[in-house]
Amino acid sequence: MTMVQVLFYFMGFIAVASAVFVAASKSLVRSIFMFFITLFALAGLYVLALADFVAITQVVIYVGGILVLILFAFMLSGKETLNILQNQKSQFISANKIVSFLLAALFFIVLINMIIKLDAGNLAWIKQSAMLNNTIKPNAVMTDNIGINLMTQYLLPFEAISILLMMALIGAAHLSRKEQSQ
Amino acid sequence: MIALTDFLVISAALFCIGLFMIVSKRNAIQILIGIELMLNAAILNLVAFGKYDRFNNGGQMFALFAIVLAAATTAVALAIILNVYRRYKTIDPAKVDKLRD
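Protein chains in written order, with the working numbering: chain A, 1 to 182; chain B, 183 to 283.
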């Protein structure tokens, strides 16, 4: 077992365990803060998949942007919101939880079955790409290649997503505006 | 190196935890976190397969696009949740049922 594999299993264990804690925790604030750890562990997994630029983007946008947005929206929305959210007692602990747990577990079994049947390491295009020397090497610098591709081959999705992001932000600002009293 | 199957298994586990959160939680913000978990599982798959595309970087590129889409989704969803709270004084999706007949 090499060092990379040890790190991979460690990161994977942290990601899955903290995700389980996020799902199981009753308190909303606690689950949001555990979600930080899940996202950091996932960024570590992206680094181990040789995608360092995506990992940095994950840390900057997810951890620095999305989670802080969730925390601010949650904590700035008044004290009574916080109290109501904290005190939400779930009456249907048993029935609802058991059914959804069954659904998730069965779906997990289906997915694992599919992954075993797929045998992703032996797919045709992956073997071809390994043969054509098209795989990313651990010591390669991919960031400049990503920038060039973003401005040439993926220019249309890039522009489309920038317009969509602008529309979404304007829409969010419009939605969260205080209504004028008439 | 790490096999692709390991990435796929971790991503499947994260996806199922997200599915469990979406179905079982009665709090809109926790459902939003479940959706983020599922999105992250998908991004992990994209990144893991993107290792085999050095020239075009298809997987990493669309992982970046998915991250940006998640940011847009979260901004709009939080605005909607705040509005729903202002109007109904609850963010339990099962109790927001004015449109039901």
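Hints in this document: simulated from the structure, not taken from any laboratory. Ideal Cβ placement from N, Cα and C applies to all residues, glycine included. Watch out, some of these pointers could steer you wrong.
Stated by the list, open to error - The calculated EDC-like cross-link candidates involving lysine to aspartate or glutamate, where the alpha carbons are at most 16 Å apart (straight line), are:
#, chain 1, residue 1, chain 2, residue 2
1, A, Lys117, B, Asp274
2, A, Lys26, B, Asp274
3, A, Lys137, B, Asp235
4, A, Lys97, A, Glu159
5, A, Lys127, B, Asp274
Claimed, not checked - Some chain A residues near chain B, calculated using beta-carbon distances under 8 Å:
#, residue
6, Phe33
7, Leu50
8, Val68
9, Ile70
10, Met131
11, Thr135
12, Ala172
What the hints assert, rightly or not - Covered by chain A, according to a simulated footprint, are these stretches of chain B (three or more residues, beta-carbon under 8 Å):
#, stretch
13, 201 to 210
14, 219 to 228
Are any of the numbered hints broken by this structure? If so, which, sorted upward? Numbers 1, 4, 5, 6, 8, 10, in rising order.
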